[in-house]
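There are 2 protein chains.
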Amino acid sequence: MKKSKWIWNYGDFELYHTQKMMNRREVRGMYYPPMWRVDGVRQNLFVYKIATLESSEKMRVYSNGGDVSVTVNGVRFDPKKPITLDVGKNFIKVQTYKPTGLPALYIDGDTFASDESWSVGSYGGLDCHVGTNENFVSRSDDPEVFPFKYKKISPVACENVRGGTLFDFGRETFGLLHIENKKPDRRGVCPVVYGESREEALDKKNAVITDVFDKSLIGQTYPSRACRYVFVADKDVSLTLDYEYLPLKKRGQFKTTDKKLNKILDVCAYTLHLNTRECFLDGIKRDRWVWGGDAYQSFFVNYYLFNDFDSVRRTVISLLGGEPFTQFTNTIPDYTFLIIKGVYEYYLHSGDRDFLEFVYNKFESIFRLIDKRLDSRGFFVGGRGDWIFVDWADTAKSGIVCAEQVALCAAYSSAAKCAAALGHDGGVYEKKAEKLRELINRFFWREELGAYVDCIDRDDRVNVVTRHANIWALLFDVADGRQVKKIAECVIKNDKIPAITTPYFEYFELDAMCRIGEYKYVVDMIRSYWGGMIDLGATTIWEEYDPKIENVVDHYAMYGAKYGKSLCHAWGASPIYLFGRYALGVYPTGVGYSTFSVEPRDIGVGDFSGRVPIGEDGGYVDVSFDGEKFTISTNRDGGTLIYGGKKIALSRGEKTEILA
Amino acid sequence: MKKSKWIWNYGDFELYHTQKMMNRREVRGMYYPPMWRVDGVRQNLFVYKIATLESSEKMRVYSNGGDVSVTVNGVRFDPKKPITLDVGKNFIKVQTYKPTGLPALYIDGDTFASDESWSVGSYGGLDCHVGTNENFVSRSDDPEVFPFKYKKISPVACENVRGGTLFDFGRETFGLLHIENKKPDRRGVCPVVYGESREEALDKKNAVITDVFDKSLIGQTYPSRACRYVFVADKDVSLTLDYEYLPLKKRGQFKTTDKKLNKILDVCAYTLHLNTRECFLDGIKRDRWVWGGDAYQSFFVNYYLFNDFDSVRRTVISLLGGEPFTQFTNTIPDYTFLIIKGVYEYYLHSGDRDFLEFVYNKFESIFRLIDKRLDSRGFFVGGRGDWIFVDWADTAKSGIVCAEQVALCAAYSSAAKCAAALGHDGGVYEKKAEKLRELINRFFWREELGAYVDCIDRDDRVNVVTRHANIWALLFDVADGRQVKKIAECVIKNDKIPAITTPYFEYFELDAMCRIGEYKYVVDMIRSYWGGMIDLGATTIWEEYDPKIENVVDHYAMYGAKYGKSLCHAWGASPIYLFGRYALGVYPTGVGYSTFSVEPRDIGVGDFSGRVPIGEDGGYVDVSFDGEKFTISTNRDGGTLIYGGKKIALSRGEKTEILA
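As they're listed, the protein sequences go chains Z and F. Residues 1 to 660 (my numbering) make up the first sequence, in order. Residues 1 to 660 (my numbering) make up the second sequence, in order.
Just so you know, these hints were derived from the structure itself, not from any lab. Treat the hints loosely; a few may be bogus.
Mimicking DSSO-like on lysine-lysine, the simulated pairs with C-alpha atoms at most 30 Å apart in a straight line are [what the hints assert, rightly or not]:
| # | chain 1 | residue 1 | chain 2 | residue 2 |
| --- | --- | --- | --- | --- |
| 1 | Z | Lys562 | F | Lys89 |
| 2 | Z | Lys655 | Z | Lys250 |
| 3 | F | Lys646 | Z | Lys397 |
| 4 | Z | Lys98 | F | Lys205 |
| 5 | F | Lys80 | Z | Lys562 |
| 6 | F | Lys372 | Z | Lys362 |
| 7 | Z | Lys81 | F | Lys372 |
| 8 | F | Lys562 | Z | Lys93 |
| 9 | F | Lys646 | Z | Lys562 |
| 10 | F | Lys493 | F | Lys263 |
| 11 | F | Lys235 | F | Lys205 |
| 12 | F | Lys205 | Z | Lys93 |
| 13 | F | Lys89 | Z | Lys215 |
| 14 | Z | Lys204 | F | Lys235 |
| 15 | Z | Lys152 | Z | Lys81 |
| 16 | F | Lys372 | F | Lys486 |
| 17 | Z | Lys205 | F | Lys493 |
| 18 | Z | Lys81 | F | Lys149 |
| 19 | Z | Lys372 | F | Lys362 |
| 20 | F | Lys562 | Z | Lys81 |
| 21 | F | Lys149 | Z | Lys98 |
So these bits of chain F aren't anywhere near chain Z, every CB distance computed over 12 Å [claimed, not checked]:
| # | residue |
| --- | --- |
| 22 | Gln19 |
| 23 | Val41 |
| 24 | Gln43 |
| 25 | Val70 |
| 26 | Tyr123 |
| 27 | Cys190 |
| 28 | Gln483 |
| 29 | Gly618 |
Since we're looking at a predicted model, the values are computed, not measured. Yeah, the Cβ is synthetic: ideal placement off N, Cα and C, and Gly gets one too.
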């Protein structure tokens, strides 16, 4: 018999697990619900397949607990028994209803083994093929259990302090704590305090994650959580942790002769790995949610590290949710725009046409909401409940905001590209993009400032220049070549324009710096900003870092909470992307890396070597630099080396050298 | 403290219970899934209330199992403890997440006791007040249990036959069977066969509902099902049934001196009562589903019998489902059109503005699907997956079908009326209605035939006249006064036009007959058609009845199955509506019966008396006829007696007499 897989409504596996994840945030023992709509799955599943058999065969249908119905050519069969299919055309419909959880089916058979060749009956929507996942291919697999792996780890140190025990796992980690009681059968309970920092673990009142240990028990296991330190207010306990992680392979790397830089990149990789769970989280302690802008950046780091497409898909599905689209991603319009941009970029990296089609079908509903927010000229203006974010910086938060228009323009362009890739008519998106680009340049660009201004309908912002709008205009192709040069001089390299303060927007700024050739600035920033955290003992990259803060504990505060800052924040992993994209210089030019460029650069970190994973199945490009020449090799066709104004076709399996 | 109620997302109580109901159909022990999309609930619930307190008060929040979050003016409180609210403005948000079932909240308090004064946060949709139900007002009530009542009943006869026992409950019923084993500790199993007829119960192979009794058990209880007879293939058992029903009060009645007619009406009332469950079912055995057209008729019978608004609401919510609307009701466009018409009529009967607003907000999505099915002129043409039904009769099932346009025109008009009632701009619906009415009259009306033709784009149907389109055109105000007279003569009273064969369309025909004053025809039909079934021993009204069938068992066949016909079918209850609407002559003219007409008629059944329930809370109109005069009394203001060309204002609490 052919190998079968569990099958479900395309996208529902992702919604099922991310809905649970979004509802898992807690603060000091209390449930902390998401502030936006979180969608779940359909409890009815209807799949079908039509095939013509040349010889009779058997099939058997299993569900994961739901009632099942099977018809073959309109005739109802007992789903509890093997079904014999006759020669000729067989139109098989299987339905299941499971009032809770994720309805799924598993069908043993040859022609009719359950896999992507089955279609989902969408009841009037657009039928597509069923959803599957390579982790659920055996009948005993349970699609309702997320495919994490576990590894038991022990603290590297423990210390008796303040009448209890402080355990240190040596670095930030994530998992299920087990506390063993050395003196069970006592009475009473005592606090358990998780800390990303030693200070947090010892500060029960202000720590974000706390729990309770019952001294009458032999031991106790807790839900999976983030920590480096754990304080138990008892001296007679020991503990271990089941490290919970996705078994992702580090497919990309970048090494230099500079140990500090290598260390930074290792910490970046570990930070992203911890945050790569049901979705790309923003931070594993706070807030354990997925946010569009943060995730957008994780996609890029991921392409140069794990190149795991499943994680991108899950994240996009969670962020766009079900229909109708009534609310922007995390309530933030710019996040929705970035995710739409990210969808096309995902397609370029993965070549995953099925997913593109699935998401494209949601665009009608998404752009209907966007249309409701446009003024008569076509500018995006915020509506009720919209959070115009851009950055935690002094950018306009209401009115006709430049950065918002630029991001929307990128979303229109990306939607047009998605349409073109699928063979649909994307003319409406193309026109909207062109019109908005023209409007932005007409109303926001100020030649005398060499910059786009922040906001055009608020007197206090009409002459204000921020880095944000200009960086996005540069990166998202709203500015032309001449404008890019102006922006570089008048904004990006202009110290009078307020500096970027968040790693979130630092990602975009460093990307822009690389685009305009300012590699030294980028490398210096990575060494000082990222290196600065590591000098302070960071084992993962923080949500924010201010070198001016003197007292270590003051680093941990954010959002008005003493330990409100996430010390393991995905957006800090961007150096991996920057080195892969601009030093190794590898990026796709054709769908699914069918063609790609390798544009290596001496960015001033000395000798380096590295690998970029490309395409779906183990493709890579290796690039090394020894101070004199670059050496490139790849196991894929379609590569072009670009260096010093020359373009050289790369041959699969052969080394290509070029003098620097 | 103020009385609290369980609260949930408005509409979710209804979706939760009707989703389960829709998935409860079975055939010979196998699950038989719905053929359309069935929507469930949101697992996240977010409610809020803002109020200004003049003195401090306490509140306490309970969920039905989900995690809870409470903030007061943005400050998070422990939801497990009582919360003290200070004087002044309090903005309270409560959220819960329950991954299965129906998330619900119950809040003890004074100002903040949970009730309809709380709003649902819709995450970008339109906020509305929370859903409640008068059956769930105590903290120990469980909103996940549908509020059926139960009464133990015993068979009226039992008979040893074919090696087993046949039990007869004396009439069609519905409930949970308990089988008691007189000789437990035996081995093996034996069949249990449910029958609406004796023949079905004794025909295990062809019976629709079957089960298995385990002889080793003392007894066994089964899921709730329809039956009159039960056959157990064992001699040593006895049984009872927990009759499962909604405790609805018969608020309307109609009595004549003709016992046969009274009996027919009793059977009609019992038939509707059995079918009034989570929704108005079509039939309690087969198929235990809710269908738009069937339900539309049940609404009208209900207004003259139970006047239960909850049942209408549940049915409409189930039939329109969640958004986006991707598929017509039961896949049938005319059913969607009827339900939209039914929504305005519900508002007219109930005055329930909240529900109207809730449903009106779905219209945009519904009419978007309809728009996709319009040709360039504006005619409705079927799309993929649409079932152009109209009736089980020889009417066109594809092309530009007259009846379909007429029903759509009625839907447009009703949507316009809904908009007007809510103060919204319904101009677009009004225009569409006018345009379509003009198109229908231009393209379908044939003056020389005095009728609308069936279908205009199929050569085989272009000259065909059916009763269906003409009856709807008459009832739904597409035909003008002159056309109505023509239709009456040339179609309705024309024996050459094929007769209506289903009680479904007979409802519309008899309604039309009453409109044109053909009361004798109506009464004769009720006596012969309905009376005919009862003469054959029917204890509930059948799905269909053909007086020409000679062999009793042949009555039970339908849809190619020996016992495929439902013997308890809601659409058979229409005489209750017809007598209430045309003999008692009571109908609303203002919202919620704020004004109403009483237009009594001597319809040729001799003396009669009856009551029509009006409005929300115990209002009624009593009408009696003694052969010489009509006597009318009502406990509500707003009534107008219309008789013999005169209009007389009715006085609440006083009898008004008028000579016939």
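### Query
What hint numbers does the structure not satisfy?
Hint check: 3, 7, 9, 13, 14, 15, 16, 17, 18, 22, 23, 24, 25 and 26 fail, others pass.
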